[in-house]
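Chain residues, written in single-letter form:
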Amino acid sequence: MKNFVQHAGAARRSFITLFLLLYPLTVFAHKRGGEAIGFASGFFHPISGLDHILAMVAVGMWGAQLGAPAMWVLPVVFPMVMALGGMMGLMGIKLPGIELCIALSALALGFAVCREARPKLWIAAIIVGVFAIAHGHAHGTELPLGASGVLYSIGFVIATGLLHALGIAIGLVHRWPAGRLALRVAGAVVAMGGVFFLWKAISGEPV
Amino acid sequence: MRRPRLILFWLTLAVTLIVVPSAHAHLMNTGFGPFYDGLTHLFVTPEDLLPVIALALLAGLRGPRFGRSVLFVLPVAWLVGSTAGVWIDPQLTLPGLEIIVTIGLGALLAAGRPLPIAFVVSLAILLGLIHGILNGADLAKTPSSGQMVAVGVTVGLFASVSLLAGQAASVRVRWARVAVRVAGSWIAAIGLLMLGWAIRVPA
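As they're listed, the protein sequences go chains A and B. Here this note's numbering = 1-based position in the first sequence + 30. Here this note's numbering = 1-based position in the second sequence + 28.
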């Protein structure tokens, strides 16, 4: 067993080394007009803003807190609705108060986790859906004009999904009494982050 | 699926295949010869791979009978489409139709609703024909051995569908089935973004 663990560790290290050696960093120097910027830039886009990260993780936390079926309905719904918002942003469809809605999302979702709010599933889905549209739209309008491509989209969606998964993983501490309290505290932290971003959005500062 | 609905489905398919615009096929040159170019095509072309993943998982989740049907129908439809695409004008599919099919397949997988086998098989034929025609149009531009590329693609499809559908069919645990459905929602989301891009930057 010990040998197996050692071999597995060595294999993992070799794989990571090989991956890093083969990882084509140089391709970033050759961005051509109308071509995909790539998987990496799509992957890092959703995790480049703290407001987005807080909201995505909070969705997962809230889902885990609500339990089944919300735990998997919300992460199934969110990427699709967010992509719909992203599509609208890419198409140039204007939506009012996007920054305000994004800031409100962290506040509202954090508050929901903090209060252990338990609305009906369809109400929770609508709340999450509205915020997903706002986040997706912001991402869609922010994308550089020369960008296109399926690899960028794949990276973008995977990063969003992983943020949800992280939120769900954190939210699983809800099973234990101490974990429930910790989760509510985490919700309060997210809500405070939302207040900060809401302040910035209202004052017109760039978030 | 009831007969009028099937007729409507095939009518819609016929109309969409006959109506205008552009093809977006890309065949890679691996340097290993035409067969291997075709074999690896699926794995270096996410536009083709994503709907195949969605369909294979969708069929697998519905059960082995669905999986087996798609396993044989999809590669054959793709091969027929590739053959037809060599002769048919490359601009014979609606712009973005392949993206809409990807979104639809991802959404169906995410929804996890029971579907009749005829409907799933029809989807396999639709997907195979659309992407096959787009591939075939590209094959027509290659100097030689287009048939071997098409055969390679077909073999790659068969292998991919058998692996994916087989895995999905064997999934019994609830959370694992949910994970497969989440993959469907991701594919639909990627498709929606691709559609936004297609509209934003016309190819």
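These aren't lab readings, by the way, just hints derived from the structure by calculation. Be aware that one or more of the hints could be misleading.
[Claimed, not checked] Going by beta-carbon spacing under 8 Å, a handful of chain A positions derived as facing chain B: (1) W102; (2) V180; (3) I200; (4) W206; (5) V219.
[Stated by the list, open to error] One side only, chain B facing chain A, incomplete, derived with CB under 7 Å: (6) V72; (7) E75; (8) L89; (9) P92; (10) R96; (11) F186; (12) S188; (13) L191; (14) A204; (15) V206; (16) V208; (17) W214; (18) A216; (19) A217; (20) G224; (21) I227.
All figures in this text were calculated on a predicted structure; none of them were measured in a lab. Ideal Cβ positions, reconstructed from N, Cα and C, are used throughout, including at glycine.
Item to check | Hint numbers contradicted by this structure | outcome: 3, 4, 5, 6, 8, 9, 10, 11, 12, 13, 14, 16
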